[in-house]
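> The chain contents come next:
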Amino acid sequence: MIRVGPEDFDPGRELAALEADGGEAGALVSFLGTVRVRSEGAPILSLTIEHYPGMTERALAAMEREATRRFGLTGSLILHRVGRLKPGARIVLVGVRAPHRAAAFEACAFLTDFLKSRAPFWKKEETPGGARWVGAKASDEAALARWERGA
Amino acid sequence: MIRVGPEDFDPGRELAALEADGGEAGALVSFLGTVRVRSEGAPILSLTIEHYPGMTERALAAMEREATRRFGLTGSLILHRVGRLKPGARIVLVGVRAPHRAAAFEACAFLTDFLKSRAPFWKKEETPGGARWVGAKASDEAALARWERGA
Amino acid sequence: MKILYFSSVREAIGLAEEEVEVPGHVRTAGDLARWLSGRSEGHARAFADLAHVRAAFDMALCEMDTPLGTAREAAFFPPMTGG
Amino acid sequence: MKILYFSSVREAIGLAEEEVEVPGHVRTAGDLARWLSGRSEGHARAFADLAHVRAAFDMALCEMDTPLGTAREAAFFPPMTGG
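Protein chains in written order, with my numbering: chain W, -4 to 146; chain R, -4 to 146; chain E, 8 to 90; chain Y, 8 to 90.
Since the hints were derived computationally from the structure, they do not count as laboratory data.
Among the hints, erroneous ones may be present.
Unchecked claim - With a straight-line Cα cutoff of 27 Å, these simulated BS3-like cross-link-like pairs (lysine-lysine) come out:
1. R:81 - R:118
2. W:81 - W:118
3. Y:9 - R:118
4. E:9 - W:118
5. W:132 - W:119
6. W:81 - W:132
7. W:119 - W:81
8. R:132 - R:118
9. R:81 - Y:9
10. W:81 - E:9
11. R:81 - R:132
12. W:132 - W:118
As the list claims (entries may be wrong) - Here are a few chain W residues that sit away from chain E, every Cβ distance over 12 Å (derived from the structure):
13. 0
14. 16
15. 18
16. 33
17. 36
18. 37
19. 38
20. 57
21. 69
22. 70
23. 79
24. 83
25. 97
Idealized CB from N, CA, C, for every residue including glycine.
The following block holds chain W by itself, in its conformation from the complex (with noise of 0.2 Å):
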C-alpha cells in the first residue's frame, strides 16, 4: 500500500492494520523517519519536501511490489509526506510482514535504502542561516549498491 500526501499518519494504527491483514506472517518489521531537529549543529526551522506527482506513486509501487516478489513478503506499506514540515514531524512510514524475521528486515532496509536515493522527492532545509537543498549522501549510493550485487 502505497500513500503520498501532505497528511500526517498514525504508526500505530497503520502498523496495527498491515499487522491484522499479514496472514501467516510471523515478523513485522517497521522503519519511522522524523525530521531532524538539527543540522550540522544548526536547529532545523523546517524541511519542506517537494515530489514529482505521479512519478512518486509509480515509482514507490515499483520498489514495492519488487521487495515483495524479492524476499515474499505477505504485506507492505509506504506512506511518505510532502509538503512544510516542523521538526520532530514524521516524514516517512515503511511497514513489512514476511513470515520470517530475516526477510522482514532486509526488506524494510531495501525498501528504505530505494526511498532515500531512487524515489523523486527533495528535501529543502531551513535554518536560522537559510535555507538550502539536503544533498545526495555518497552513503546513500554505497547503500544501494549492497542490494544490486545480491540481485
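Given the coordinates of chain W, assemble chains R, E and Y onto it according to the supplied hints.
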C-alpha cells in the same frame, strides 16, 4: 525499557511512547514477532513460552545496554511475552531510535538476533500431532556470528 | 513536449514546467538538456554540469544517453533525497 | 546449592528446582551436570549429551568448563529459543 510477562501489548502505543521520548533521533525501527499459524504444514494450536524469571530481565537489559553503546541509540524497548499464546498472538516487540537509519536497522536486528538464542526463553508448539519443544536453529547461531565478527 | 523541473533545477530555471518543440537533432535526454540550456541563463546554470542532473522520461528514471523515443514528458532534477 | 531446570531438561528430570549439597570434587558446570546425572534416571537422561545442554551460574550464562566459584544458584536448560 524491558518488560517480560504474560500480558499482551499494544505496539502502536509502545512505539508512540518511544517516538515521543526519542529526542533528536530521526529513525525508529521496530520488529514485531507473532505466533505462526503453521509449523511444517501442521496448524499450530498454541505456543507456550517458558522463561527463567530474573535471568531473562538481566539478559535483556544487558543486550539493550550493549546495543545502546554500540549503535548510539537514543531510546529502545524490548517487550516479550511468556505463557500460552494462540496463533497470530504477539510474542515480542523490539523498538530502537537512532539518529540515522543504518544504525537503527542494525541495532534492531542485533537485539532480535540475541533475543533468539541468548535470552532464557523456550518455546513449545502444540499441533494436532502433539506438543514439542521448538529446536534451536543453526541459522540463529549463524546470525549471531555476524555481530561477534563486527565487535 | 512537456518538460518538468524540480527542486534546485526548478529554482535555477524559474519555471516548474514548460512546453517545447524539440528539434529533430535532439535524440537523448542529454541532448535535450544541452538544447534546453540555450533557452535562458537560468537553463544554462541548471544544466551546466549534467553529472549532477537526473532525468526521467514519462515518469521513469533514465540515463543521459537514453533515447527520447516516444516520450511525451521529460523531467530534470537533482539527485533525489527521499526517506 | 539451588539448582533450576527449564524446558526439556525440567521435563526429563520431573523437577523445576532442587536444593543439593555439592561435593568438593565438583569444580565446574560440567562436573555439576555429571554429578547430578547420578541422582535419577531422569537426571541421567537430561544430561546424557552435554553438547545440547546450556548452563547458567547466578543468572549468567556460562560454559561447561566454567568453575563454580561462589555461585549460589545453577540452572540447566536446552539451547534458548526466544524472539
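> If a hint holds in the structure, say so; if it does not, say that too.
Taking the hints in turn, this is what the structure says about them:
A distance of roughly 13 Å separates the Cα atoms of residue 81 of chain R and residue 118 of chain R; the hinted pair therefore holds under the 27 Å criterion. Simply put, residue 81 of chain W and residue 118 of chain W have alpha-carbon atoms about 13 Å apart, close enough for the 27 Å limit, and the pair holds. Under the criterion of a C-alpha separation no larger than 27 Å, the hint pairing residue 9 of chain Y with residue 118 of chain R is consistent with the structure, at around 24 Å. With a C-alpha separation of about 24 Å, the suggested pair residue 9 of chain E and residue 118 of chain W falls inside the 27 Å cut-off, and the hint holds.
With a C-alpha separation of about 14 Å, the suggested pairing of residue 132 of chain W with residue 119 of chain W holds against the 27 Å cut-off. Between residue 81 of chain W and residue 132 of chain W the alpha-carbon distance is near 22 Å, which keeps this suggested pair within the 27 Å criterion. Of the supplied pair hints, the one linking residue 119 of chain W and residue 81 of chain W holds, its CA atoms being roughly 12 Å apart against a limit of 27 Å. At roughly 13 Å between alpha-carbon atoms, residue 132 of chain R and residue 118 of chain R fall within 27 Å of each other, so this suggested pair holds.
Using a Cα cut-off of 27 Å, the hinted pair residue 81 of chain R and residue 9 of chain Y is violated, with the two alpha carbons roughly 33 Å apart. Annotation: proposed proximity of residue 81 of chain W to residue 9 of chain E is violated, straight-line Cα distance about 33 Å (limit 27 Å). Between the alpha carbons of residue 81 of chain R and residue 132 of chain R the distance comes to roughly 22 Å, so the proposed pair stays at or under 27 Å and holds. Proposed proximity of residue 132 of chain W and residue 118 of chain W is supported: the alpha carbons are some 13 Å apart, at most 27 Å.
Distance check for residue 0 of chain W against chain E: the nearest CB is about 14 Å away, which clears 12 Å, and the non-interface claim stands. For residue 16 of chain W, the condition that its CB be more than 12 Å from all CB atoms of chain E holds, with the nearest at approximately 24 Å. With a minimum CB-CB distance of about 27 Å to chain E, residue 18 of chain W clears the 12 Å threshold, and the non-interface call stands. Distance check for residue 33 of chain W against chain E: the nearest CB is about 17 Å away, which clears 12 Å, and the non-interface claim stands.
Remark: the non-interface label on residue 36 of chain W is consistent with the geometry, its nearest Cβ contact in chain E lying 20 Å away (cut-off 12 Å). Every C-beta of chain E lies more than 12 Å from that of residue 37 of chain W, the closest at about 18 Å, which supports listing it as non-interface. Non-interface call for residue 38 of chain W relative to chain E: holds, since the shortest CB-CB distance, roughly 20 Å, exceeds 12 Å. Non-interface status of residue 57 of chain W relative to chain E is broken: a Cβ of that chain comes within 12 Å, the nearest being about 9 Å off.
Non-interface status of residue 69 of chain W relative to chain E is upheld: no Cβ of that chain comes within 12 Å, the nearest being about 23 Å off. Residue placement check: residue 70 of chain W keeps its beta carbon more than 12 Å from all beta carbons of chain E (closest about 20 Å). Interface exclusion of residue 79 of chain W from chain E stands, the closest Cβ pair being 15 Å apart, more than 12 Å. No Cβ of chain E comes within 12 Å of the Cβ of residue 83 of chain W; the nearest lies about 16 Å off, and the non-interface call holds.
Interface exclusion of residue 97 of chain W from chain E stands, the closest Cβ pair being 22 Å apart, more than 12 Å.
Checked against the numbered hints above, the structure breaks hints 9, 10, 20 and satisfies the rest.
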